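A.B. asks: Position chain B against the provided structure of chain A, taking the given hints into account.
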Amino acid sequence: MPTYLVTIGLEIHAHIKTASKMFDGCPSDYAGAEPNTYVSAVSLGLPGTLPVVNQRAVELAALSGLALTCTINERSVFSRKSYPYPDLPKGYQISQYDQPLCSEGSLTIRRSDGIDKTIGIERIHIEEDTGRLLHADEGGSLIDYNRSGVPLMEIVSHPDMTTPEEARLYFEKIRQILVWIGVNSGNLEEGALRCDANVSVRPEGQEAYGAKVEIKNINSFRFVERALAYEIERQTAILEAGGTLVQETRGWDEFKGETVGQRSKEFAHDYRYFPEPDIPPLELDAAWIAARREELPELPDARRERFESAYGLSPQDADLLTLERSIADYYEAAVAAAEASGGSPKDVANWVLNEGFRLLKERGEAPTQLSERMPVSHIAAVIELIANGTITRSVAKQVFELSFDSGAAPAQIVVERGLTQISDSDALLSIVREVLADSKASKAIAEYRGGKTSAVQFLVGMVMKATRGQANPQQVRTLLEQELG
Amino acid sequence: MPLSDAEVSHVARLARLGLSDEELALMRDQLSHILEYIELLQEVDVTGVEPTAQVTGLVSVMRPDVVKGALSRDEVLANAPDQRDGMFRVKPVFED
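Sequence lines, in order, name chains A and B. Using our numbering, read the first sequence as starting at 1 and increasing by one per residue. Using our numbering, read the second sequence as starting at 1001 and increasing by one per residue.
Treat the hints as calculated values from the structure; they're not laboratory data. None of these values were measured; they are calculated from a predicted model. Check before you lean on any hint, since a few could be wrong.
[What the hints assert, rightly or not] Here are the simulated DSS-like pairs of lysine-lysine, each with C-alpha atoms no more than 25 Å apart in a straight line: (1) B/Lys1091 to A/Lys346; (2) A/Lys361 to B/Lys1091; (3) B/Lys1068 to A/Lys90.
[As the list claims (entries may be wrong)] Computed list of chain A residues with no C-beta within reach of chain B, every gap over 12 Å: (4) Ser28; (5) Arg75; (6) Ser112; (7) Arg132; (8) Ala208; (9) Asn219; (10) Ala241; (11) Gly257; (12) Leu284; (13) Leu296; (14) Glu365; (15) Gly389; (16) Ala408; (17) Glu434; (18) Thr453.
[Said to hold, decoys possible] Derived list of chain B stretches under chain A, where covered just means 3 residues or more per stretch with a C-beta under 8 Å from a C-beta of chain A: (19) 1053-1061; (20) 1084-1092.
Think of the CB as a built atom: it goes at the ideal place given N, C-alpha and C, for glycine as much as any other residue.
Bound conformation, chain A alone (with noise of 0.2 Å):
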């Protein structure tokens, strides 16, 4: 039975985020809107209106290029691209065609074995969303055009990946990228952010690619995979039964969790794409160039390594804390808030990973709700606390996650609660002599003085406990010892 090898390459779809469209000042924020309420003569095509080009949405467009390594190109096109389906009323869509705004860039991946791996960009072009098309449940369909001219831009891979997981990897971090640059919202429901699968199968040893299956319209990470891995299981299986592959187009169907075929597409295909006649070439020199470079901030991956170098973190936790743009910017405006109560940044990332993110979970919410939650100066005041002795670490944390819930300041919570650490040695004894007389310590006390020193530890314990985890530990254990001994 022979190898089969598999190649795979994505087209993602990514709305350019403006407040207007792409060739008009109509707006393009439709999210949630009544249907037909954000179109104007130009979304709909009308006769004798005029496109002109969104200067924002090229810039951003150049500036997603710029972050995943592409050569930004001082000469690109406007070209027309047939398309005879009613959601783009004009019969055409505008795109770029063989003189695309980015070319040749690339991304790299970390998969789940732990292993980089870089996979190549193609281009990337501009162009306008379609309006949505809804089908009637008495047959015909209903066309809503707030979509029809939102900034679109597509981001074509090369086929380098060969596996259904670094789809998803590569898709995810795409996401990842456009939203840390303040590109794209991120929102794949509302579809903001879909991409269309192809993957071939061909036996090894065999040069030429296996017939192309493009899966279109692809809106969630789980999606992409599921559809790939279920794709190759079935185009593999088609050729060990010696069966010959077709060259199609096909849909994820997630309800019955199997890729199904679409019809009409054979027309789709004759593009007859030819130069806009009513958009002037862009020609863009390398000042612009430089000036879009400019706005580039520092990106995901040199972020995450600055954090394993300059903070000692983990890899791990410089991941979780470069996920998103967000995150990496309150967990630095928490380091620089800590440092003056000698919090050192592995502290402060301790606080924000272990306690932050965990009380976000329990409650539900969002790691980007985090700096609402805790001002860095409350993650600041509870490293300061702990710093100066006021309440120990035990203390702290109920602390924190009632500062969290409550929105009061660390400080305040101490002493409302009377959470402060007990320090007084005289008070500290008579809890200490209290505990000595309960009968629970008695086997303890016992074992201790028959020389197993570490039964002290159990004492330490009952202490903390009596005190509601005010005491310090070390203060405890000294006590104990001098009673004991």
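C.D. replies: Quick look at chain B alone, frame taken from chain A:
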């Protein structure tokens, strides 16, 4: 070279036109005639001539990302032959 019936049918489907056999024959002859006329252009020597898609000489015409507003829904749907629930109603898109 005259067009074949198959080519004319294909173009008609792309243009969403349904043609009867008589109309198909008529279009085939007329379109072939137009193409023959256009073929005269093939005789021109265009060696060294850049393809021209633009004649204005303008480049990078862009507008700032400023919202100018949208049409009212009544205006949007004013010319719709059929509508329902504030949307354009058309023939089923995936009917073969």
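A.B. asks: Confirm or reject each hint.
C.D. replies: Do the hints match the structure? See the list:
no.: 1; hint: B/Lys1091 to A/Lys346; verdict: violated (62 Å)
no.: 2; hint: A/Lys361 to B/Lys1091; verdict: violated (48 Å)
no.: 3; hint: B/Lys1068 to A/Lys90; verdict: holds (21 Å)
no.: 4; hint: Ser28; verdict: violated (8 Å)
no.: 5; hint: Arg75; verdict: violated (8 Å)
no.: 6; hint: Ser112; verdict: holds (38 Å)
no.: 7; hint: Arg132; verdict: violated (9 Å)
no.: 8; hint: Ala208; verdict: holds (28 Å)
no.: 9; hint: Asn219; verdict: holds (19 Å)
no.: 10; hint: Ala241; verdict: holds (28 Å)
no.: 11; hint: Gly257; verdict: holds (22 Å)
no.: 12; hint: Leu284; verdict: violated (7 Å)
no.: 13; hint: Leu296; verdict: holds (19 Å)
no.: 14; hint: Glu365; verdict: holds (32 Å)
no.: 15; hint: Gly389; verdict: holds (55 Å)
no.: 16; hint: Ala408; verdict: holds (41 Å)
no.: 17; hint: Glu434; verdict: holds (72 Å)
no.: 18; hint: Thr453; verdict: holds (72 Å)
no.: 19; hint: 1053-1061; verdict: holds (count 7)
no.: 20; hint: 1084-1092; verdict: holds (count 9)
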